[in-house]
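Okay, here's what each chain looks like letter by letter:
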Amino acid sequence: MIRFSLNGTPAEIAPDAMLLTHLREALGATDTKVGCEIGRCGACTILHNGAPMNACLLMGWQVEGAEITTIAGIASVPAGEVLVRAMEIENGFQCGYCAPGVMMSLVGLLSRDAAPSDDMIEEALEGNICRCTGYHSILRGAKLARDMLKETTE
Amino acid sequence: MKISRPESLDDALSLIADGGVAVAGGSGFQLDFSQGVPAPEHYVRIGHLIPTGIEGCTIGAGTPLEDIRHAGIPLLSEACATVGAPNVRRLATLGGNLAWGKGCLIPALIALDAQVETTAGRVPVLDYLAAPSGIVLSVCIRPLAHAFWRKVGLRQAFTASIISSAGTLLVLEDQIANVRLAVGGGATPPQRLSGVENWLMGQSIWDVDPDDLKARIESEITAPDCAFRTSNYRKRVAAAALTAGMLGHVEKAPTSAITRPAATPAPDLTELSRADGGNRWHTRPDMPAKIRGALEYLTDKRGDDMLVGRILRAGRAHAKILSIDTSKAEALEGVKAVVTHRDIDGLNGFGIVFQDQPALCSDKVRYTGDPVAAVAAVDGETAEKALSLIKVDYEDLPVVDSVEGALAEGAVQVHESGNLVTEVIHDKGDLADGWAKAVHIVEDTYVTPRQMHGFMETEGGWAAPEGDGLLMCAGGQHGARDRLQLSRILDLPEDQLRIVTSPTGGAFGGKDELTVQPALALLARKSGSPVRLHLSRAESVQAGTKRNPMWLKMKTGCDAEGRIVAQEVDVLADSGAYASLSPGVLETAMEHVVGPYQVANFHARGRLAYTNNGAGGAFRGFGANQMTFAIECQIDRLAELTGLDPIEIRRRNLRTPGSPGVLGQRVAPSERLVEMLDASGASPLWTPFEVGPDEIAGVGMALNYQGNGLGTIPEDQADFALALKDGKIVALCGLDEIGQGMIASLHAAVSAKLGCGRDDVVAVFGDTKAAPDSGSTTASRGGYVVWRGVEETAPALEAAILERASARLGRPVEELKIVPGGIGDALANTGAPILSFAELGDIDPIQEHYAFPKTEYTKGNARFIFAFGATLARVAVNRVTGFVRIVDLEMHTAAGPVIDMASYLGQMEGGLVQGVGFTLTEDMPMRDGNPLAKNFDTYMMPTVRDVPKAMRVTAHEGLDDGDPFGPRGAGELGIGAATPAIANAVADALGKWPVVTPFPQETILDLMEGAQ
Ligand code: FES
Ligand code: FES
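As they're listed, the protein sequences go chains A and B. Each residue of the first sequence is one higher than the last, beginning at 1 in this note's numbering. Each residue of the second sequence is one higher than the last, beginning at 155 in this note's numbering.
Derived from the structure by calculation, the hints contain no laboratory data. Using N, Cα and C, we set each Cβ at its ideal position, and we do this for glycine too. One should not assume that every hint holds.
Computed beta-carbon distance windows for the label pairs [what the hints assert, rightly or not]:
1) H300(B) <-> G50(A): 35 to 45 Å
2) D422(B) <-> D118(A): 27 to 37 Å
3) M120(A) <-> L486(B): 29 to 39 Å
4) E945(B) <-> E67(A): 25 to 35 Å
5) E67(A) <-> D430(B): 53 to 63 Å
6) T153(A) <-> G173(B): 34 to 44 Å
7) E67(A) <-> T599(B): 28 to 38 Å
8) M120(A) <-> R962(B): 31 to 41 Å
9) E67(A) <-> R962(B): 37 to 47 Å
10) S162(B) <-> E67(A): 48 to 58 Å
11) E67(A) <-> S168(B): 54 to 64 Å
12) V362(B) <-> A14(A): 57 to 67 Å
13) D118(A) <-> T1157(B): 53 to 63 Å
14) A950(B) <-> M120(A): 49 to 59 Å
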């Protein structure tokens, strides 16, 4: 078995198991969503040592010793709380099913760079499909988070 | 599966020689498996053995593409930006992209004259590709002064490659001193265009004739056709891209087919945004949990005793079932129940209109997604294994793969009742007389796609036995109707079924019909255990309902002043294997057959046919958006012929408020078409705007109106209740939260009416046991149902609350009022409560029943209430690729008072972008009844890069004095006019109208060339 950390708690996975399936099926950690299982929707986005990746493309052997953060652990990520707050204010989502993945892509970006350009925000979201919103509400939330982060550092 | 981590490259090589498959980032495997490539038995990890990082022009094979993308490497960094998406690029490596052989980056590597260092030695990249051997260790590139790159895919970003082209160029004293040109990517084999290179070498760059160069490149490229794009298109765009890369773009002026309207003063418009909304902007009550991933969807339910279900699909488009043998599956350890049609006690059929769809097929399958059996087992793996052990013998039947074929004489019958599902005919006036008056006539056939709903949460949920009955928790759009349909299948009284349908992760009409519920119910009852079942995306793509493709043949004539005098319409619609709501979709299309215009003479016929092309049914817009596409393009084309601007021609034809509807029915007051035209005339979008050097600009508009409610024929009623419980005002409403903001609307409507705070409200919904039946969450009816429910019940609850407060406080009712948090003093100007709701105790639900407003007309299905909109689009049409980029979308709406601003805005923006997908990228082509797109790798919904840079939405909220019908539905308005607005904008750019959606890029290029 491969050991990794899931939102700060030790966890195990078989080397040939898909991380997403393992989370949702074996561990019952359904906060991470499933949308395509081929890396093409972003619903399953998690942080792998702080970097956003698709849990459906990661197998057990790829998370050996890694810190995996899912949406349930977003508060532990530096920009997490601010992003959550901004997204609430802007009503970023509708059905919300894409939200766990979108939030992890964005928090990964904002934690590396608290002042990304509009273009970088869009690029960070290229792999996340949202069917409900047309993305603008999500972009408004991300930009508000960026502005709020700026205020806290000034 | 075995996974090795060899200690050395030599060990790795010997494991690979023994059949192991090298893996570094592993980002491409899942996609390969989904396309039928078998999973390797042995992975050999090489990531730790190969170099990572960038040193000068040498790049380690293990370097993630996301690192290269940000490293500022000539050509390669730009190329990396177009591979996958950043999250995928963090896993994907340069070596992997190369070794895969189909990688998008290969043309860039060829143009960079890359040398590939492998364990077998150093070879030029083309030699490596011709005979890959050894493990790739690093790549050394040799850039030239200029580089150009263009990847053409199926949408703007995160797309498979249709063709990628790359070039590098060195010009010394105007002479071409070195040039390398390459294409490849996806199905296009990687190739260097040496013939063209040789021809170019030594020429003066100024002497190269662009057309000559393009033609030479085009003839040298070898590129295949695939299911999505032709060989010709591939060659054409690569040639254009390389030519433009070398020589730049030739100037090109827009065609401006559309006369700019004179500016009109804007009507009263509310700008919908947080900035403009002020205290009307609230965080939706469901938002915090959704954002934190804390909301449990019905497919997220887990439990120790919960079994996992799977469904066996036909996998063939049309066949007789000869036998079904489940014995081996039943014998498999861990399998708890296997169900087939033999387990159905009641009616083996469902369907909202006709019950023509089997819960589990018994004698025949009619589309590849038809369910034949289902299994519940201890886990998903076991259930899948069991499916493979079920033996079904089929006798294939000829596939009915087109509507024309289905309606042809002697066609194979999909159902015994015949292939014609419904025919709708509307006539008015004297057509001969109309045509005699026509001065301009426009004739064309508009084609609309088999759009997929693409809700991010696929169909699924869980079910459990409850006493003698059943608890069914599955995403849906009308619990009470699901209950009725399930009770027929299970032969159980309805009161033994409890249906929970919320929260649902998106529906858009695609969960209106039953989806997984029959199989889930049968499994839970047979196994006696809770069972969960969640379709994989691939299964959802195959089995789920889609938008009915339509062919709308239009002939429209106007007089010299632009007044439409005659129209003939012939519509064909593909129902797929079953009816579901497709008859309603066709009816709705036909009900919008002359748009919101007064047309004295018309003849319209629509036919809906069964085929073996998947299953069609409800989808946001419900036929209206298809017809609006056709009508709104026709009217712009007449405007061009008559020399009128798009607003003036519409103004001349607008229906008179209060006049009968298209079918002659009485319609509701508060028509707002003039206001929508005025808002369009006031739009800043008509002014010139910047586009790229390879783009042509265009502006267009379209008007729409959308009928609300189910119409005159279906029953359309609602129940609604308000109560006071545990200090909260409880709104009991049987509608579903599918993302649209129903909960927010309840909080908003109740608090606005009663004067309490939004926080004082608790919504109970989407559960047939907990909330009354409020009808379906479809047909833009939710807004009205909520508003009317509150209007009906709030006065009685208010009276009861105040009466009780009066008794508690010993003060007359007149001195009291409801305020946020409780009861306030009506005489004081402080808003603070003097008694909290909690102190009042509970008040039982006050329930009312009401009908959705209808007109008396019943000769056809006609709507009474309408909402109105206008959409404007600015587009930039790409001259190289034929892609249409939406620069701006602006939508003006008139659907009465806005209940909750954020939800309303979301419905409009989301609808607009679904319309963008419909117009530009989304289709589900079929071959012999098999869908060609299997997942999100080729079914192209808009990404964040495909949506307009700017969107503006306004609401004209006013109603006529005395209009008793309140807010109109907003769910479908947004998608209504997006397509024709974009099509008209493209026509403005090119001088010609695209009529097939999604617009094939090749057609756009043809239109462009035709226009030149
Ligand atoms: S489930 Fe992983 S990207 Fe779609
Ligand atoms: S909010 Fe529904 S998919 Fe994004």
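**Q.** Broken hints, by number
**A.** As far as the earlier hints go, 3, 4, 5, 6, 7, 8, 9, 10, 11 and 13 are violated by this structure, in ascending order.
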